[in-house]
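Each chain is listed here by its residues.
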Amino acid sequence: MMKQLWAWVDERTGAGRVVDALLFQNLPGGSRWRYSWGAVVLYTFLLQAVTGFFLWTAYSPSTQTAWESIHYVQHEMTGGWLLRGLHHFGAQAFVVVLVLHLLQMVIYGVYRAPREVNFWLVLLLLPLAIAMSATGWLLPYDQHGFWASRVPIGIMGVTPVLGPWLQKIAMGGSTIGHHTLTHFLALHAGLLPLCLAVLLGAHYYLTRRHGFADAPKDCACPDEKYFPAQFLKDAVACLVVLVVLLGFVLVPHWQNPAAAPGVHLGAPADPSEQYSAARPEWFMLFLFQFLKYFPGGTEVWGAIVIPTFIGAVVALMPFVAKWRHGHRFNVLFLISLLVAATVLGRQAVLQDRSDETYLTAKADATRAADRIRDLTLERGIPPSGAAALLRDDPYTQGPKLFAKNCASCHRYDGHDGTGQKPLTTHAVREGETWESIAEFRFMKLADLRAMNQPKAGQPLKAGDKIIAHVRPWAPDLKDFASRTWLAGLMDPARVSGPDYFGGTKFKDGKMAKWVKKNCVLEKADDLKKVIAALSAEARLKSQAGVEKAEADLIKQGRALITGDFACTDCHSFGKKDPDATAPDLTGYGSRAWLIRFIGNPAHADFYGKRNDRMPAFADKKILDAKQIGLLADWLRGDWYVPPGRNGVK
Amino acid sequence: MGAAALAAPAAIGARVFLDPLTRLKAPESFVKVTTLDTLPEDGTPVQFPVLADRRDAWTKFTQVPVGAVFLQRQEQDKLLALSVVCPHAGCFVDYVQEQQGFLCPCHNSLFLKDGGLKDKDSPSPRPLDSLEVQVRNKNEVWVRFQDFQLGIAEKKPVA
Numbered sequence: 001m002m003k004q005l006w007a008w009v010d011e012r013t014g015a016g017r018v019v020d021a022l023l024f025q026n027l028p029g030g031s032r033w034r035y036s037w038g039a040v041v042l043y044t045f046l047l048q049a050v051t052g053f054f055l056w057t058a059y060s061p062s063t064q065t066a067w068e069s070i071h072y073v074q075h076e077m078t079g080g081w082l083l084r085g086l087h088h089f090g091a092q093a094f095v096v097v098l099v100l101h102l103l104q105m106v107i108y109g110v111y112r113a114p115r116e117v118n119f120w121l122v123l124l125l126l127p128l129a130i131a132m133s134a135t136g137w138l139l140p141y142d143q144h145g146f147w148a149s150r151v152p153i154g155i156m157g158v159t160p161v162l163g164p165w166l167q168k169i170a171m172g173g174s175t176i177g178h179h180t181l182t183h184f185l186a187l188h189a190g191l192l193p194l195c196l197a198v199l200l201g202a203h204y205y206l207t208r209r210h211g212f213a214d215a216p217k218d219c220a221c222p223d224e225k226y227f228p229a230q231f232l233k234d235a236v237a238c239l240v241v242l243v244v245l246l247g248f249v250l251v252p253h254w255q256n257p258a259a260a261p262g263v264h265l266g267a268p269a270d271p272s273e274q275y276s277a278a279r280p281e282w283f284m285l286f287l288f289q290f291l292k293y294f295p296g297g298t299e300v301w302g303a304i305v306i307p308t309f310i311g312a313v314v315a316l317m318p319f320v321a322k323w324r325h326g327h328r329f330n331v332l333f334l335i336s337l338l339v340a341a342t343v344l345g346r347q348a349v350l351q352d353r354s355d356e357t358y359l360t361a362k363a364d365a366t367r368a369a370d371r372i373r374d375l376t377l378e379r380g381i382p383p384s385g386a387a388a389l390l391r392d393d394p395y396t397q398g399p400k401l402f403a404k405n406c407a408s409c410h411r412y413d414g415h416d417g418t419g420q421k422p423l424t425t426h427a428v429r430e431g432e433t434w435e436s437i438a439e440f441r442f443m444k445l446a447d448l449r450a451m452n453q454p455k456a457g458q459p460l461k462a463g464d465k466i467i468a469h470v471r472p473w474a475p476d477l478k479d480f481a482s483r484t485w486l487a488g489l490m491d492p493a494r495v496s497g498p499d500y501f502g503g504t505k506f507k508d509g510k511m512a513k514w515v516k517k518n519c520v521l522e523k524a525d526d527l528k529k530v531i532a533a534l535s536a537e538a539r540l541k542s543q544a545g546v547e548k549a550e551a552d553l554i555k556q557g558r559a560l561i562t563g564d565f566a567c568t569d570c571h572s573f574g575k576k577d578p579d580a581t582a583p584d585l586t587g588y589g590s591r592a593w594l595i596r597f598i599g600n601p602a603h604a605d606f607y608g609k610r611n612d613r614m615p616a617f618a619d620k621k622i623l624d625a626k627q628i629g630l631l632a633d634w635l636r637g638d639w640y641v642p643p644g645r646n647g648v649k
Numbered sequence: 001m002g003a004a005a006l007a008a009p010a011a012i013g014a015r016v017f018l019d020p021l022t023r024l025k026a027p028e029s030f031v032k033v034t035t036l037d038t039l040p041e042d043g044t045p046v047q048f049p050v051l052a053d054r055r056d057a058w059t060k061f062t063q064v065p066v067g068a069v070f071l072q073r074q075e076q077d078k079l080l081a082l083s084v085v086c087p088h089a090g091c092f093v094d095y096v097q098e099q100q101g102f103l104c105p106c107h108n109s110l111f112l113k114d115g116g117l118k119d120k121d122s123p124s125p126r127p128l129d130s131l132e133v134q135v136r137n138k139n140e141v142w143v144r145f146q147d148f149q150l151g152i153a154e155k156k157p158v159a
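Taken in order, these protein sequences are the chains called A and B. The first sequence begins at 1 in this note's numbering and counts up by one. The second sequence begins at 1 in this note's numbering and counts up by one.
It should be emphasised that the hints constitute simulated quantities derived from the structure, not laboratory data. For every residue, glycine included, the Cβ atom is placed at its ideal position computed from N, Cα and C. Hints are not guaranteed to be accurate.
In silico DSSO-like cross-links for lysine-lysine, where the CA-CA straight-line distance does not exceed 27 Å [as the list claims (entries may be wrong)]:
1) A/Lys626 / A/Lys505
2) B/Lys118 / A/Lys626
3) A/Lys421 / B/Lys118
4) A/Lys404 / B/Lys78
5) B/Lys113 / A/Lys461
6) B/Lys118 / A/Lys168
Which chain B residues stay away from chain A? Per the calculated CB distances, all over 10 Å, these [as the list claims (entries may be wrong)]:
7) Ser29
8) Leu80
9) Ile152
Selected chain A positions facing chain B (in silico; Cβ < 8 Å) [what the hints assert, rightly or not]:
10) Ser276
11) Ala278
12) Ile554
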């Protein structure tokens with residue numbers, strides 16, 4: 001029955017002859033493992049086509065949906081992380097197996113007549129594979145893809161004559177936007193794979209036409225048919241590729257089952273949030289490094305002319321091989337190219353490893369990526385896209401706003417909110433010494449000296465320039481209005497120190513004097529109550545539990561504020577006192593209080609005319625209401641924390 | 001005949017595809033970036049995001065970040081606005097206090113505080129691009145935010 005059916009098909013299509021030619025082709029000298037390279041290239045391409053097709057079914061190319069759809073694939077759809085992981089590593093494998101295929105063709109001399117065209121086909125596949133990788137980078141539209149893609153798009157612009165036009169066509173406009181994504185997708189999933197398929201088809205056809213290689217001369221190996229000997233070798237080789245790729249995706253997951261599985265997806269692209277760790281895919285790092293050596297205006301040489309020239313030399317190899325030592329030259333040339341690329345790539349990695357900016361950017365990016373995952377889980381993604389979630393998140397924006405607007409005077413746990421210590425270049429004035437500068441800036445002398453190697457050994461003269469921390473002119477705001485913070489404020493040893501009024505004009509003011517006089521050991525119990533009561537005004541999330549449990553204590557504290565401790569001699573508390581000369585303690589540290597305070601600290605309810613240097617952020621329109629709200633929320637530790645975690649670090 | 005039959009749809013398609021080339025960009029106008037009070041007296045450059053309305057193909061975005069700019073005081077009321085985009089390959093530069101200048105994190109181009117090239121072997125073909133800046137109503141800082149073509153010695157706005 002089957003036989004009859006087969007005969008019917010064969011008679012009408014000639015399929016039998018094709019199968020004969022493919023499966024039962026004679027291999028002079030028998031099967032070889034190295035004949036499997038072609039099959040491996042073909043297999044990797046098919047793997048990419050299949051995984052790519054399924055990713056495509058879930059992908060939506062636009063600036064508000066690209067990241068979002070990939071995020072959904074990665075974190076929500078069953079097996080999505082595995083699919084994306086395979087495609088991710090498959091893309092790299094494709095380039096690797098192509099290079100190795102090319103290398104073995106040269107080493108074994110399989111580029112000689114009549115196989116020149118076949119060799120060129122493989123050579124042409126390489127830039128196409130790189131173009132596939134470059135277009136694929138941008139599609140998830142995360143910070144990494146966005147910033148890494150800007151560079152090749154920029155380099156496209158230096159192409160002689162056509163540059164700016166090419167660039168505009170590639171981007172579909174003047175900046176990266178919707179049409180960049182639609183264009184890249186059309187290239188990545190349409191035109192480029194079609195070209196690759198045609199080239200691969202032609203390569204396959206020519207391989208079969210010429211045979212895998214000439215019969216080895218000094219080997220008495222018997223001929224074999226393609227099937228089963230070579231067929232099995234091919235199948236095993238392809239399987240090895242699959243196993244390796246699966247290993248890349250699965251092994252990290254097994255090693256760390258708690259982390260989100262699969263390939264990292266960065267935070268959504270944001271054109272105003274630079275990502276200083278954008279790097280090309282590892283196999284292009286050599287070119288990235290190479291470009292560092294080309295001074296301004298000559299990069300067209302590094303990016304276009306030299307690579308094209310090298311490509312041309314490789315393309316001419318079949319002819320060079322005819323010369324006496326031509327073949328040896330070819331092998332040597334190709335191997336030295338690979339060695340040079342490895343050295344350059346390694347150099348790039350080593351430089352990054354010791355580069356502070358790069359490492360900080362990497363750490364920030366990981367933080368943002370983790371954060372956006374939490375936020376999408378809690379809030380879901382709005383139609384305007386996921387980037388807005390990060391822009392509205394106090395945990396993400398607070399440190400940046402603080403660093404930019406507050407850290408010239410305030411500190412947050414000793415730093416500027418983002419973990420850096422604000423630095424300045426100080427021009428030394430007459431009479432200043434290392435000691436006086438360190439003291440003024442509340443620094444340890446050893447730290448100051450360490451920052452200024454090798455100058456540190458010599459005495460300072462007027463006009464010298466040294467690096468130093470910016471002096472904190474105002475209190476450290478970590479845990480502002482919390483019990484711990486207030487306990488420090490009402491500690492005679494600390495109130496005039498750098499964490500509180502030390503840098504301000506209130507250093508020896510009424511409050512500092514009052515603290516030094518009244519906050520003594522004998523009153524410690526009552527002081528505790530006052531602090532609890534005052535801190536309760538802030539309604540901090542972190543103290544909600546304690547405050548509920550200690551309602552009585554707080555009540556007693558409130559009585560002490562107006563009573564024994566006489567805070568209301570200067571401050572308002574509960575009711576407005578028109579004669580108050582110090583900040584209102586009603587709702588002290590609460591969201592509303594903080595927003596009003598930041599808005600205008602010189603308001604009569606706060607410092608009034610006594611205000612030190614703090615600007616009125618709202619009244620002078622330095623920050624808008626949303627930014628002040630984010631800052632207040634961040635200072636109060638009020639941001640979304642995923643259940644099961646007691647703090648975000 | 002056959003060729004013409006194929007060429008017609010291809011030409012129509014290509015015309016649509018090349019639409020971006022003939023689409024003129026609306027000229028950039030000044031946008032408000034910040035206020036004078038936010039700029040350090042000592043002249044340290046500070047980076048600000050630039051918010052503007054932007055049209056991206058079919059979407060109109062209102063007040064979204066379109067880029068960023070470094071602002072610094074040169075004299076009391078004289079301001080310098082520098083684009084944060086490295087003219088080499090388009091990465092955003094960082095201000096490095098210790099070096100009193102800007103460093104590009106991609107290919108290590110170095111710029112002076114006023115945007116000038118620190119050394120002539122720097123990969124960047126030109127200094128950082130300065131932007132037009134105005135102070136309005138005594139305190140508001142307005143910048144005309146523009147993109148410039150990358151990789152060339154000449155400072156030429158992207159059309």
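Hints versus structure:
no. : hint                : verdict
1   : A/Lys626 / A/Lys505 : violated (30 Å)
2   : B/Lys118 / A/Lys626 : violated (39 Å)
3   : A/Lys421 / B/Lys118 : holds (26 Å)
4   : A/Lys404 / B/Lys78  : holds (21 Å)
5   : B/Lys113 / A/Lys461 : holds (25 Å)
6   : B/Lys118 / A/Lys168 : violated (31 Å)
7   : Ser29               : holds (16 Å)
8   : Leu80               : holds (18 Å)
9   : Ile152              : violated (7 Å)
10  : Ser276              : holds (4 Å)
11  : Ala278              : holds (7 Å)
12  : Ile554              : violated (38 Å)
Hint compliance for this structure: hints 1, 2, 6, 9 and 12 are not met, and every other hint is.
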